[in-house]
Structures are given as C-alpha cells and as structure tokens.
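Undergrad: Listed in order, the protein sequences are those of chains A and B.
Residue numbering for the first sequence follows our numbering, starting at 1 and increasing by one per position.
Residue numbering for the second sequence follows our numbering, starting at 1 and increasing by one per position.
Incorrect hints may appear among the rest.
As the list makes no split between identical chains, a pair holds if one copy fits it or if it spans any two.
Stated by the list, open to error - Cut-off 25 Å, straight-line C-alpha distance, at most; resulting in silico cross-link-like pairs (DMTMM-like, lysine to aspartate or glutamate):
no., residue 1, residue 2
1, LYS353, ASP96
2, LYS79, GLU63
3, LYS79, GLU365
4, LYS355, ASP198
5, LYS225, GLU49
6, LYS214, ASP81
7, LYS170, GLU312
8, LYS308, GLU120
9, LYS220, GLU118
10, LYS214, GLU93
11, LYS225, GLU349
12, LYS278, ASP56
13, LYS278, GLU117
14, LYS94, ASP397
15, LYS284, ASP107
16, LYS170, ASP96
17, LYS170, GLU117
18, LYS355, GLU93
19, LYS353, GLU120
20, LYS170, ASP53
21, LYS94, ASP224
22, LYS308, ASP239
23, LYS308, ASP384
24, LYS35, ASP211
25, LYS353, ASP397
26, LYS308, GLU86
27, LYS94, GLU349
28, LYS308, ASP83
Rather than coming from a laboratory, the hints here were simulated on the basis of the structure.
Since the structure is predicted, the reported quantities are computational estimates derived from the model, not experimental observations.
Protein chains: 2
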Amino acid sequence: MGKVLIAQGGGPTVVINQSMVGAVLAARSYSQVDKVYGALHGVDGIVNENFVDLTDVPASHLEDIAATPASALGSTRSKPDADFCERIFASCEKHDITTFFYVGGNDSSDTVRIVAEEAERRGYPLRCVHIPKTIDNDLMVNDHTPGFGSAARFVASAFAGVNQDNRALKGVYIAVIMGRHAGFLTAAAALARQNPGDGPHLIYVPERVFDRAKFLADIKAMHDKHGRAMVAVSEGIHDETGTPMVVQLAGNAEYDAHGNVQLSGTGALGDQLVQLVKGELGIKRVRSDTFGYLQRSFLGCASDTDQKEAREVGAFAAKTGIEDQLSGSITIHRVGEYAVEYRVTDLLEIAAKTKHMPDHFINEEGNDVTEAFVEYCRPLIGTDMPRSVNLQAPRVDA
Amino acid sequence: MGKVLIAQGGGPTVVINQSMVGAVLAARSYSQVDKVYGALHGVDGIVNENFVDLTDVPASHLEDIAATPASALGSTRSKPDADFCERIFASCEKHDITTFFYVGGNDSSDTVRIVAEEAERRGYPLRCVHIPKTIDNDLMVNDHTPGFGSAARFVASAFAGVNQDNRALKGVYIAVIMGRHAGFLTAAAALARQNPGDGPHLIYVPERVFDRAKFLADIKAMHDKHGRAMVAVSEGIHDETGTPMVVQLAGNAEYDAHGNVQLSGTGALGDQLVQLVKGELGIKRVRSDTFGYLQRSFLGCASDTDQKEAREVGAFAAKTGIEDQLSGSITIHRVGEYAVEYRVTDLLEIAAKTKHMPDHFINEEGNDVTEAFVEYCRPLIGTDMPRSVNLQAPRVDA
C-alpha cells in the first residue's frame, strides 16, 4: 500500500485540472494506492504539509473541476533549489508518499528531477513523475504540450473576431501575445485566417531578431495592399543584443512609458508599438490589445483535443508511477494525422530546457509562419473552431 | 414596388450581423420589395453610392454571415451633419430607396432622425428605421441593447477564468473594460461570481466619481480579507471634475505614460492603476489586463439570447418600415422573467442620448453592483454559461 501526492506548479492553463483529475482518478483505480493527496500551491504546499485528501472526493465533483480553468490545487512561482527539494523529499517521506506527480512546465520538471535524485540517493522508494503543461509549448521532446492547444484556440478566436472588426473599421491593429522565449502561441494567430486577405498579416516571434525598420516597412506594405494591417507580436520580441523591445522602446524618451521589464500583465509594449507606427508611418487609426491572462484562463474556450490529451497524460502518468514503478516525464508524440501516443522520457531531457520554434515553421522574411506550422497547429486548437465568413454579394452600379 | 437599403454604423458587435440578416431576410419576404441593397461602410457607402445587392444572396450564406462577428457590410465612425444627411437622402432618392435601415448606436439613430426629417420635409416617401446595437447598453427607452449580452458574456467569462487563475497565483488583478460613459459592461464582470469569494471583489463604473484614496483603501481591505483582490474598472472612470483617470494619472510625473485621451486600444489606464497600487500599498504581485477589442468581436463567445433578439429586432424593423410604413427606432422591452417584446419608438427619444446605470444597480459605497443588477443582467449573457467550480476536499492533518 502507498500514498500518492499530486501538485500543480507554474502558470495555470485551461486544461491543467484535466491532467490533475486524470492522474487522481487513475491513481484511485489501483488497489495498491491507499490515499491520494493534493498539495496546495505546488511545492510550497508540500514543504508546509498543506495537503487535501482527494481519495474520496466524488468523481462527479472532480469532473466539474476538470472542466474549470486554472490550477484547482493552487500554484506557485517558487523555483526550488537543492535545499528546498530536500525539504520536499522530507515531507514526502514523513507522509509515506510513494508516488509524486507534479503538473508543470520545464522549471517544475527540474524540481521533479532533483526530488527523484534525492530519493534515489537515500534509497527511499519514491516514484516521481512530471506531467507536462504550458501554454508556451516549449517543452523538449514533446510534439506539443497540454494547455497550448486551448491557448492557441483563444488566440486564433480572438484574431478571427478582431479581423472582422478591423475589416469593418480599418486601421493597423497590433496584438501582443504571451511567450517570452518561444513563439508558438503568437504563431497560432495564423490559425485565425479563414478567408483571403484575413489577418494577421504579419507575425513576429522571439526566435527572430526584431528589426524596427523592417517592422515599419512590413506594416506599410500590408497597409498599402489591404488598406489595413493586423499584426501579432510576441511579448518576448527583442533586438540583436537580446534586449526586449519593451525595454528598448522605453529607452527612447519619446516612448518613455513604463520602464520595467515585466512582460506580462502590462500593455506597455503594445502602446509603444502603436506610438512607433503612428509616429513613423503617419497612419491615424492604430490600436493595440495585449491578450494577457485571458489567453491561459478564459472560461469556455478550451480545445476538445487539448482537454482529452491533458486528461490522458494525467492517467498515463498514474500508470507510469504506480503500475510501471517508473520516474520520468510524460511526453506527447504525434504518430499520425492526427493521433498521438504518450511515452516516459528521462527527466534530464526535459528539465530546465526550452524548445523553440523550428526554422521550418517561420518564413524566410521572419515576419510570418509557414504552412507547415499551420498544419502542425490546426489539430491542436480543437475540432469545432467556429467559422468566420466574409460577405459575397454583387456590386450595384452607381 | 420599392427598394430597401441597409447599412451598419459605429463600433461592431458580435451580433450586429444577426440584425442585418434578420432585416434582409424579412424584407425579402415582402412582395412589395423589389431590391435589397446594402451600403458598404455605413453612411459613407450611401453618399458614395457604394452598394451591394443582397436580394438574391443565398439564405445559407446570410446565415453564415449572421453567425460571424462584426459588421459584414463594413462600418464607419462618420457622424453626419445636416449637409451629410442631405447627401444621404439624395443618394436614397436617386436609387429609388423607399425604406432605409441603419443598425447602430445613439449617433446612428440621430443620423436616421435627420434623414427621416429631410425626407418628410421634401415629401419623399422614405421610411427610416433605426435598429439598435451597442455593447455599451446605453440606448434610452431600451431595457437592453443587442450586442450588450454577448459582450457581457465575454467579460463574465474572462473574469470567471482569471478569477481561478488569481486564486492559484494570488495578487491584485485589475481589468479595464469598455464603456466611456455607461458602466453596464464593466458591471457585467459581477456575473463571473459563481462561488463564495469569487472575484471581481470591486467594480468601478463611470456613473460614480472615482476617488483614488477610496480605491486604494478598498483594494487593501479586499486583499486583507481574501489574500487577493480582483477589480473591474471602466475605461471611463473619472475624477470629480470629469477628467478621465487615464489623463489625471498621466498628469502625475510618476505615471507619465501616455498623455492622450484615447481610452480604448491602449493599456495605459491599467498600467497606471497597477503602478498606483504597487506604489501606495506595497503589494508585490499586481497585474492588469485591458480587455480591448476582444470584448466586442471574440469569435465563439456569443450569448444565444442576444443572438436571437438581435435577429428579431432586425425582422421587426423590416415589418415596421415595409408593412407598417413607419419610421422610428426599434426598442426592446422586458415583459417577463425572462421575455421581451419589440416596439417602435420615436427617434427623438433615442437619438444622441445616453442611458446611464440607474442608482439601484450600484451599491451604496460605489464600489460594486447590487443584486438587482445581477438579476437584470443574468438572462442577457445567455442560457449556457459554463461553470467554474472550486475544489472541495478535506484537509489532511500535518
């Protein structure tokens, strides 16, 4: 008999509870599992012994939780060092935990790795399994990560709607999208295109150096062509020295607006780019939105594919840790058009590493994605993306 | 036999095409209607004789358009003066238009009023019908306006999701919501509350003077109580002199960020309020989002109630102008819990006027809405609002 402990870390997603519930329900199905605990607020809850007992929570309630965005157990931004990981281990040992699941991104997988090594070193039989999640889609080995598909669907839905708005009232529109180092989520704006001429017309990801002059020339060209221009930029765009544009543009007295490097939860970059375009191109109607926290939490905008996979990844983690008695990181692999399978990958291959967009997903000019990216991303945003249709009607002679 | 002309004006909504399609399909069903024209980009399209012929566009295509956000015929921000209205009238006369439908807000209804008076004065038989739309919900006489319910659903869905995100990673969260003079849409954030303690914990509308010191004290109290605080503010909040806070806060050198009075399409106000809270209360994690254009255009977040009513308002306008041979503004009236009926109201009662939130919708302290507002708003956001559920599980003894 053993106890299972599960926790959620890092930025929440719309489907992170699917993974938690998938792991809990699967864990409860094993006769060798005595108790299923949840730690509140990630690793902080483990070291503080702040646990809830999920063993007998009705499955119907867990199903409601699974469909609710963000981390029901609470999350944390703590990045445990070796000492902190030792305290995690000590708490697990004290509570007779034999299987530890941590749902999170690359930082969380590094925590799992250190705790697993500590247990190994001490000869304590603790299986440690990392369950992937991140809207940034930046975990190594994985074809994609739970949470990304739903966030991508939000970005695509937002752009598809604003595209119609911008067709009705023309101008330049710039949206700032999450993703400090990886451009996948920004790139997902391309999935909004359903009709010829639909925006976004330009996409800038952090995998390419952001060139202010090129950006302005690109917008001018699109505005000349379409009478409007819709632009998706990643919050992490930076110059050739790696300095984020939000800092670089703030350094210019003309755009001296905010003066901090916090990228999320501020509209600074969007406002700076608006000022830049207005000032340099003399276009009158220039607007920006920063999609912000809505991207990772909006109620009612989940990809059904993402939900199912997040659930299955959790269940697969339970099998891995409890039945197969393995530690590792669960990874998603695409094995057909479209099908996936789940594998156990060595934590060393995932922990504290970042996957970037491959070159063949970004166009030559560095201002858009390729069709290969669109094909890659399309199944991830779900099977029932709403349509956006442009009116086709004959002109009347004046 | 006569020709019908329809146009769409002002800021788009998610259901403005429902009204257009409702009017077009109903108009086509009358034997006395010869042609149904659409003007491109509102009144600009009328004076430029920029028309499309909607008479034979397949109904199935129109149904796709109805389900697509924003103004399929294009919109305009032009506010016609008397001279411009005369040109509108002249274009209608030239093209033998006998019924003119204009879907828009209070400015658009004023245009309809002037054109109707011009036709009357000249003895030309032109029926002019204003079809209401605005996410601001600020048209006189109407219980509510098409477009508001879907935008309110967006705001409620966003807050319900971010509420869970903020429970997982605690801090102060401030969302800036559209509505320069009327606070209905900001107030709709209250519909996000599904569980005890759910945010928003504070709501500030432009119907009340915004007091910086009170705002800070309110946030401190909520943060002390909940360990977090979620705040909804209207973009139009202003001090006792009527100066918008985005201007007032920018006047302070410390927050000198933007320096313009444009309220939408900028993250300035949110960023200023974040700096204010951080600086004055010393709370570390303070974030803001500006919901921006997504509120009025997001693909896939329409209220079914709003969609139906927007469609019916369009059809009722066709009956009013074509069958009943009347000019006027179509208005929505609540006649049960929950049912509505449509009436024809004198354009003078609607044109260029703004409805504000009534006192009984705002709490005594001016920092929240009342239960009366929640009851008023609930049916408008649709019948199938997704649930947001908080985990209930027993604590484990440490």
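Undergrad: Hint by hint, note whether the structure agrees.
TA: Cross-check of the supplied hints:
| no. | hint | in the structure |
| --- | --- | --- |
| 1 | LYS353 with ASP96 | neither (31 Å within a copy, 69 Å between copies) |
| 2 | LYS79 with GLU63 | neither (30 Å within a copy, 52 Å between copies) |
| 3 | LYS79 with GLU365 | neither (37 Å within a copy, 41 Å between copies) |
| 4 | LYS355 with ASP198 | neither (29 Å within a copy, 36 Å between copies) |
| 5 | LYS225 with GLU49 | between (61 Å within a copy, 23 Å between copies) |
| 6 | LYS214 with ASP81 | neither (42 Å within a copy, 41 Å between copies) |
| 7 | LYS170 with GLU312 | neither (44 Å within a copy, 29 Å between copies) |
| 8 | LYS308 with GLU120 | neither (33 Å within a copy, 62 Å between copies) |
| 9 | LYS220 with GLU118 | neither (57 Å within a copy, 42 Å between copies) |
| 10 | LYS214 with GLU93 | neither (57 Å within a copy, 49 Å between copies) |
| 11 | LYS225 with GLU349 | neither (46 Å within a copy, 43 Å between copies) |
| 12 | LYS278 with ASP56 | neither (59 Å within a copy, 42 Å between copies) |
| 13 | LYS278 with GLU117 | neither (55 Å within a copy, 40 Å between copies) |
| 14 | LYS94 with ASP397 | between (83 Å within a copy, 12 Å between copies) |
| 15 | LYS284 with ASP107 | between (43 Å within a copy, 22 Å between copies) |
| 16 | LYS170 with ASP96 | neither (63 Å within a copy, 30 Å between copies) |
| 17 | LYS170 with GLU117 | neither (57 Å within a copy, 31 Å between copies) |
| 18 | LYS355 with GLU93 | neither (33 Å within a copy, 64 Å between copies) |
| 19 | LYS353 with GLU120 | within (22 Å within a copy, 73 Å between copies) |
| 20 | LYS170 with ASP53 | between (55 Å within a copy, 22 Å between copies) |
| 21 | LYS94 with ASP224 | neither (68 Å within a copy, 33 Å between copies) |
| 22 | LYS308 with ASP239 | neither (39 Å within a copy, 49 Å between copies) |
| 23 | LYS308 with ASP384 | both (14 Å within a copy, 22 Å between copies) |
| 24 | LYS35 with ASP211 | neither (55 Å within a copy, 52 Å between copies) |
| 25 | LYS353 with ASP397 | neither (62 Å within a copy, 36 Å between copies) |
| 26 | LYS308 with GLU86 | neither (34 Å within a copy, 59 Å between copies) |
| 27 | LYS94 with GLU349 | neither (30 Å within a copy, 73 Å between copies) |
| 28 | LYS308 with ASP83 | neither (36 Å within a copy, 60 Å between copies) |
Checked against the numbered hints above, the structure violates hints 1, 2, 3, 4, 6, 7, 8, 9, 10, 11, 12, 13, 16, 17, 18, 21, 22, 24, 25, 26, 27 and 28; every other hint is satisfied.
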